[in-house]
Amino acid sequence: MGYLGQPLARLEDARLTSGQGRFIDDLRPLPNLHHAAILRSPYAHARIRSIRCDQALALPGVRAVVTGADAARWLKPFPVGVKVAAPYYPIAVDKVRYAGEPVAVVVADSRYTAEDALASIVVEYEPLPVVVDPELALSPEAPRLHEGLDSNLVHQRTFSYGDAARAFTEADVVIRHRFTFPKVHATPLETYGVIAHYQSSEDTYTVWSNFHGPFTLHSVMAAALQVPGNRLRVLVPQDVGGSYGNKSGVYPYMVLMAVVSRLAKVPVKWVEDRQEHLLASSTGTDRVTWIEAGFRRDGTLTGLRMRYIDNVGAYLRAPEPACLYRMHAALTGPYRVRDVEVEALAVVTNKCPTGLIRGYGGPQHCFPLERVMQMAAQELGLDAAEVVRRNLIRACEFPYTTPSGGVYDSGDYEQALARALERIDYAGWRQRQAEARAAGRYLGIGLACVVEPSGSNMGYIALAQTPAERERGLPKSGCAEAASVTVDPTGSVCVRFSTVPTGQGHETVAAQVVADALGIAPAAVRVITGMDSWTQPWTVASGSYSSRFAPIGANAVYRAAHQVREKLLQMAAHALGVPADALELRGGYAQVREQPDRRVSLQRLAGMAHWHPAGLPAGMEPGVSATAFFNLPTAQAPAADDTVNGSVTYGFVADAVLVEVDPETGRVQVLDYVTVHDAGRLLNPLLAEGQIRGGLACGLGQALYEELVYDATGQLLTGSFMDYLCPTSAELPPVQLDHIESPSPLTPLGAKGLGEGNVMSAPAALANAVADALEPLHVVIDKLPLTPAAVWQAIQAAKQRQPVEERVG
Amino acid sequence: MNGSGQVQLSGSVNEVWEALLDPAVLAQCMPGCEELEHTGEHRYRARLVVGVAAVKGSYSATMELVDVQPYQSYRLRIHGEGGPGFVDAEGLVQLQCTAEGTALHYTYTADVGGKVAAVGQRMLGGVAKLLVGDFFRRLQKAVDRQVQANRSAHLPAGG
Amino acid sequence: MKPSSFDYYRPDNLEEALAALAEHGSDGKVLAGGQSLVPMLNMRLSAPACLIDINGLTELNYLRWSEGWLHIGALTRQRVLELDPHVRQRFPLLAEALPWIGHVQTRNRGTVGGSVVHADPTAELPLCLQALAGVAVLTSAQGQREVPLDSFFLTYMTTDLGPDELLTEVKVPIPATHQGWAFVEFSQRRGDFALVDVACLLQTDHHGRMTDVRLLVGGVDGVPLPLAEAEQLLTGECWGASLQAELQQLVAASVEPEADVHGSAEYKRHLAGVMACRAVQQAYRRAQDRRGVACNT
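Here the protein sequences come in this chain order: B, W and Y.
Residue numbers for the first sequence, in the numbering used here: 722 to 1530.
Residue numbers for the second sequence, in the numbering used here: 13 to 171.
Residue numbers for the third sequence, in the numbering used here: 17 to 313.
Isolated chain B (complex conformation):
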């Protein structure tokens, strides 16, 4: 029995729970470290007329004040995936475009002094008109954010797969509706931190930060700093206090502090406070979706049309507009529909710029799709679960290629849905719902079935370019990760990889993989996390995002560990005079399977490899070390017909949730929540459960509590946790978890990523449940979060209006 698949307690926890973790704020890597504070624009859109720093510079303890004009001399704008004349610098140069945009940086002997100095910097602003709504931003009269552009539209592409026009003529009913999804924050416990040092003698920037990739952004940073990659050393500490995608957006601050260090001629440390984090770090996109779905009378989905507008904030910055394309391979979700048309747009407005976030495009996509499935059931007088079930891809159809090129590797969607319906007692609750309605109570059941892509294929980002543009450039593909496994002269094992965990427990799972491969205990495996771009192997795809550790990172470790295993077996075979296939690694020994007392210890083998290379089999290298780069061949560049397999593995989540709504106050109470997962083989069920519960909490937050609210002048009104409401343990309902396992045939370990699924499914399931509960009142649920005020408002609106859906046929 191996360690993989066991609910092993985490190896990280001992240091994390005893205050011995090593986070960015714990680091003081250099003498003469100074501290930075950032002066941020209070205006959402304004020209900067002048900045006077003399008073600030005169304060004792202040070393330097850097403005955008100073910094821009050493920077080029950040490269972006699409060519757009909207340059992005990490600090405002002559204009601010979002409230919170950095305008000046003070470097001082302490953060207290630096903040004192901020108050003395005098900036003259010329306020400009503001636009925050993505649809308004597209109108010709809208204030224009970027002078180089004719409008605020920064990206637009259309896609057509199959024959949607025909599919709609075959439909008996067409559901047409507009949905919106709010701008939300990932709210990790730890905020951004950067320590930057420019060494003039080497013309090199060294930057420590709690950045976690993707390491495509290393090239982006190097380009902005105008240095080759080997003169930008990026280091990430061993521990990062959560991210959920948010910390991939620290890269502009890394570049900013790097230049500030250069100008101030001292190493500079900057740790973000919570207000800055909510205001000016990185968020998800808010999205407007127009969806049309054609159905036959029996509930079969015949065709889909979607038009969505993502609000990327004030600047289109890497990796956007990938937010539009992360789910592209899974456009059709778990359904067998073949005819799809999509128009994807990205628009800039005077809000904080966006980036990676847990779910990344998934919540925005699944919300309208799952809602129309239920709306169709309602329209057709069919049971909602039946409509979903009818359209699910069948178990026998895997691997299933979607119209947009996604290759769903494995799954059993019907089983998962059936399990969810059974666990929540769907039939029983439909009965009780009817009784409750008769008694004047509003109970509702909501379902969501979501395909959860994991392990992003770098190629999907190139969908933002047209096939002709792709022809001209270097193709993009792959999802590689690198890992090294080494046995040192004393026989102990070290593992190093570049997944840069932020709390997911990669060390533990990696130790399980290596322990199984080498026949030792997980506690004996030293796993080194963090990053040093100078000294460890990494790829552009390295990092933690898109739930890629299970499908890719763990497999890179597996491959390296097995290379080491092979070598040890070869050495042992040589030493014991038996064929290698007669041997096994167990309990720290290489032993003959049939004769366990004929064995040699790993320690001895390591000793031989290090101390006596002359005694090794001919052609064998000394030492015991392997570095593996793992990639999946299914991660191809997009084809000329705009199909792409956007991720390498695809899991599945079926949620069923029961709510009661109080129409007097609008309060939604979750009575029961069932979530059934299929993430292939579970490497560590304890960690898996944690991920699921965390994702669910995150999804629940977006469904019921969270929104970054901006007023019409671009001011963020939810700038603290008093007003940006994250669910706490007190808000979480009882949750029943269940798993089925459809291992991925594509990887040795058969595991798929999980952790993002519930962020995608919970908002949809909860919205469906609330809509179901309030169905007798004809309430329309098409936006989030479903706060009590919002639900009440929707009920009032229903009292004054007819349903919006048009009927065809």
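A few of these clues could be false.
Computed list of lysine-lysine pairs in DSS-like fashion (alpha-carbon distance at most 30 Å, straight line) [to be verified]:
1) K45/Y - K68/W
2) K153/W - K18/Y
3) K986/B - K18/Y
4) K816/B - K68/W
Here are the simulated distance ranges between beta carbons [unchecked claim]:
5) S72/W - M17/Y: 50 to 58 Å
6) V163/Y - A39/W: 29 to 37 Å
7) P55/Y - D734/B: 28 to 36 Å
8) Q20/W - P55/Y: 55 to 63 Å
9) Q84/W - V163/Y: 41 to 49 Å
10) S72/W - E282/Y: 53 to 61 Å
11) D176/Y - R1028/B: 25 to 33 Å
12) P35/W - M17/Y: 37 to 45 Å
13) M17/Y - P1343/B: 51 to 59 Å
14) E47/W - A790/B: 29 to 37 Å
Facing chain B, according to a computed beta carbon distance under 10 Å, are these residues of chain W, among others [said to hold, decoys possible]:
15) E93
16) G97
17) D100
18) G103
19) L104
20) G126
21) A129
22) A130
23) G132
FYI, nobody ran anything at the bench for these hints, they're computed from the structure.
Don't be surprised by glycine CBs; every beta carbon is placed ideally from N, CA and C.
Fit chains W and Y to the given chain B structure using the hints.
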């Protein structure tokens, strides 16, 4: 944020108008006004200390009177910038002759930005209403005083 | 989020504290539990020249009972008040309201005096203590004065406390044993600032008609708002469905809340009406219970 209200004043419309345009009167009603400088026709610069209870900030402010329709109405525009954020407020002031003297009707809009908006949104509407009401109550007192002073100095009360 | 510089005093006793206030009161701030003040300092929304830390004034940490009154020392931690069995028994309104104040962790530090002086328009303690006809005892180097709480709260976060005064005690008359009570609060998450909170105290006569009605709403104005018209509507009446409908409408029409991101003015008005009815219903039931009368409402 926006709102409206009115205050009763004891002088005639003409007397009240003269008093309203007197910078000394303005200085008395601006909250926490520490300096008031006349920088042009109907334009002023001031340092204001504004806030509620412990939450106070020092703002460097500019004020101007526009759309001035003598003895009828004007708009007062205030823009203040300080550590806690900025304020852009505009009030339309209209005078109406009544039996007791003059009724001053006001409507206002205010945009608040910066830190105070980000963490204080829960109270901004109410506090704005409070401060604006405060301003006009002070204006009422200051105008009444000025009108009395003008009368006793036998200054002409205007055309 | 680092505060700007301030001087720090930690007096050992009341006399020293009052002397410090007399000297620094107008540009100083008193620090007790710190649950509201410290975040404001860190966000630089407040920059007093000095902090007078009164946590050493153990003499202000007391719960004393006199003829007809409970005397709450200003430094009494909210959690202590919450757990005191005599307070729970004789002031069930407070027992019901205190768990709604923040979280246990903040109540361990936050003080009764601090909450009253901070005067947040949605705060539970100012609302309930005013409903109970509490009185603020203010002490300075010059002497002492008492201000009934319904005159003490002036507007948003502003009380009648002078710059050189310290709130040393809140005293509350002990309610009649057959009084009905209810505290209800509506907030998005447990522990959040209330959108609307309501305190209700009333008695019923042997016909079940309401007397001595006190009905106050928090969160709809700068201070706790007594609903005088609603109290009049209820006086002399038995609780029932049609009275409830009338009350809901009257309360909604009597309040002018400000909109914010958590609710429009219209929603909050409606919510005030709904929550007031729930409070009155609960208080009525309890008043009847205490009389030993079965209640079918």
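Evaluated hints:
1. K45/Y - K68/W: Holds, at about 13 Å.
2. K153/W - K18/Y: Violated - the C-alpha atoms of K18/Y and K153/W are around 40 Å apart, more than 30 Å.
3. K986/B - K18/Y: holds (24 Å)
4. K816/B - K68/W: holds (29 Å)
5. S72/W - M17/Y: 50 to 58 Å: violated (23 Å)
6. V163/Y - A39/W: 29 to 37 Å: With a Cβ separation near 32 Å, V163/Y and A39/W satisfy 29 to 37 Å, so the hint holds.
7. P55/Y - D734/B: 28 to 36 Å: This hint holds: roughly 30 Å between Cβ atoms.
8. Q20/W - P55/Y: 55 to 63 Å: About 41 Å separates the Cβ atoms of Q20/W and P55/Y, which means 55 to 63 Å is violated.
9. Q84/W - V163/Y: 41 to 49 Å: For Q84/W and V163/Y the Cβ distance comes to about 44 Å; the hint holds.
10. S72/W - E282/Y: 53 to 61 Å: 37 Å Cβ-Cβ, so the 53 to 61 Å window is violated.
11. D176/Y - R1028/B: 25 to 33 Å: Violated, at about 59 Å.
12. P35/W - M17/Y: 37 to 45 Å: holds (39 Å)
13. M17/Y - P1343/B: 51 to 59 Å: holds (54 Å)
14. E47/W - A790/B: 29 to 37 Å: holds (31 Å)
15. E93: holds (8 Å)
16. G97: Hint holds; G97/W Cβ to chain B Cβ min 5 Å, cut 10 Å.
17. D100: Nearest chain B Cβ about 8 Å off; hint holds.
18. G103: Violated, because the Cβ-Cβ distance from G103/W to chain B comes to roughly 18 Å (cut-off 10 Å).
19. L104: Interface hint status for L104/W: violated (19 Å vs cutoff 10 Å).
20. G126: holds (4 Å)
21. A129: holds (4 Å)
22. A130: Result: holds, 3 Å to nearest chain B Cβ.
23. G132: holds (9 Å)
Violation of the numbered hints given earlier is confined to hints 2, 5, 8, 10, 11, 18 and 19; the remaining hints are satisfied by the structure.
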